[in-house]
Amino acid sequence: GAVVSQHPSWVICKSGTSVKIECRSLDFQATTMFWYRQFPKQSLMLMATSNEGSKATYEQGVEKDKFLINHASLTLSTLTVTSAHPEDSSFYICSARVGRGFDGYTFGSGTRLTVV
Amino acid sequence: AQKITQTQPGMFVQEKEAVTLDCTYDTSDPSYGLFWYKQPSSGEMIFLIYQGSYDQQNATEGRYSLNFQKARKSANLVISASQLGDSAMYFCAATGRRALTFGSGTRLQVQP
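So the protein sequences, as listed, match chains F and G.
In terms of the numbering used here, the first sequence has 96 at position 93, counting the first letter as 1, and numbering is strictly consecutive.
In terms of the numbering used here, the second sequence has 48 at position 42, counting the first letter as 1, and numbering is strictly consecutive.
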């Protein structure tokens, strides 16, 4: 089946530094990638939608200058958390649509970010 | 846009018994898809079952079945013969061809 490889699985960084999270579609072309954030014991909240070759669409309340999304190719989308702070500590997970039907979504394995 | 409501923050079930996890939805899309995902402590999202809004029959996948009542806008997940490995968070989700919208989740604990 369609697989999205997400790296790193976990990362610890210092406040003020930037962290890049990658999602690669391994055996299909992901024209659209969805980025979610999940705080402990909460649901997945959509942060942004990235489309290959165009600017990402951010959800209301998500700082586009802080969460930089790049979708430069059909197989790679990246999320960069810039100038990270402890409140950015969260679980970040990407998802891609596979095919044209309603039922085709696949998820990366997620990245647990801890900012100290 | 979709809104998903899961009213059970936590549920307990005895091993080998069946359990129903509730989900109601609200959507303005004329056609849509409904999903259930399992999220163990590792964080990965495991797809369980899918129901299309125009599907005439309720979806089933092994021990999982989706009780779809369109008029009531509900899409409850039924897990039969619960196993200890079923202990996890369960999320109901919906889509109208955009990103999935998730409910708040239900933590299921299966007791031996």
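Simulated from the structure, these hints should not be mistaken for lab results.
Don't take each hint at face value.
Facing chain G, a subset of chain F residues (Cβ under 10 Å, in silico) [what the hints assert, rightly or not]:
id: 1; residue: Lys17
id: 2; residue: Thr20
id: 3; residue: Tyr39
id: 4; residue: Gln45
id: 5; residue: Ser46
id: 6; residue: Met48
id: 7; residue: Pro89
id: 8; residue: Ile96
id: 9; residue: Arg100
id: 10; residue: Tyr108
id: 11; residue: Phe110
id: 12; residue: Ser112
id: 13; residue: Thr117
For lysine-lysine, the following DSSO-like pairs were computed, each having C-alpha atoms within a straight-line distance of at most 27 Å [as the list claims (entries may be wrong)]:
id: 14; chain 1: G; residue 1: Lys79; chain 2: F; residue 2: Lys17
id: 15; chain 1: F; residue 1: Lys44; chain 2: G; residue 2: Lys9
id: 16; chain 1: F; residue 1: Lys23; chain 2: F; residue 2: Lys69
Just so it is clear, CB atoms sit at the ideal spot from N, CA and C, and this is done for glycine as well.
Comparing the hints with the structure gives:
1. At its closest, the beta carbon of Lys17/F sits 23 Å from a beta carbon of chain G; the interface hint therefore is violated under the 10 Å criterion.
2. Interface restraint check for Thr20/F: the shortest CB-CB distance to chain G comes to about 23 Å, outside 10 Å, so the restraint is violated.
3. Restraint check, Tyr39/F versus chain G: the minimum CB separation of about 8 Å is within 10 Å; hint holds.
4. Because the closest C-beta pair between Gln45/F and chain G is about 7 Å apart, less than 10 Å, the hint holds.
5. A least Cβ separation of about 5 Å between Ser46/F and chain G falls short of the 10 Å threshold, and the interface hint therefore holds.
6. At its closest, the beta carbon of Met48/F sits 8 Å from a beta carbon of chain G; the interface hint therefore holds under the 10 Å criterion.
7. Of the supplied interface hints, the one on Pro89/F is violated, with its beta-carbon coming no nearer than about 20 Å to a beta-carbon of chain G, more than 10 Å.
8. The criterion of a C-beta within 10 Å of any C-beta in chain G is met by Ile96/F, whose closest approach is roughly 7 Å, and the hint holds.
9. With a cut of 10 Å, the hint placing Arg100/F at the interface with chain G holds, because the nearest CB-to-CB distance is about 8 Å.
10. A distance limit of 10 Å between C-beta atoms decides the matter here; for Tyr108/F the minimum to chain G is near 6 Å, and the interface restraint holds.
11. Residue-level restraint check for Phe110/F holds (minimum Cβ-Cβ distance to chain G is 4 Å; threshold 10 Å).
12. A least Cβ separation of about 5 Å between Ser112/F and chain G falls short of the 10 Å threshold, and the interface hint therefore holds.
13. Interface restraint check for Thr117/F: the shortest CB-CB distance to chain G comes to about 13 Å, outside 10 Å, so the restraint is violated.
14. Between Lys79/G and Lys17/F the alpha-carbon distance is near 46 Å, which puts this suggested pair outside the 27 Å criterion.
15. Pair hint Lys44/F plus Lys9/G holds up; C-alpha atoms about 19 Å apart against a cutoff of 27 Å.
16. Of the supplied pair hints, the one linking Lys23/F and Lys69/F holds, its CA atoms being roughly 12 Å apart against a limit of 27 Å.
Against the hints set out earlier in the document, violations occur for numbers 1, 2, 7, 13, 14.
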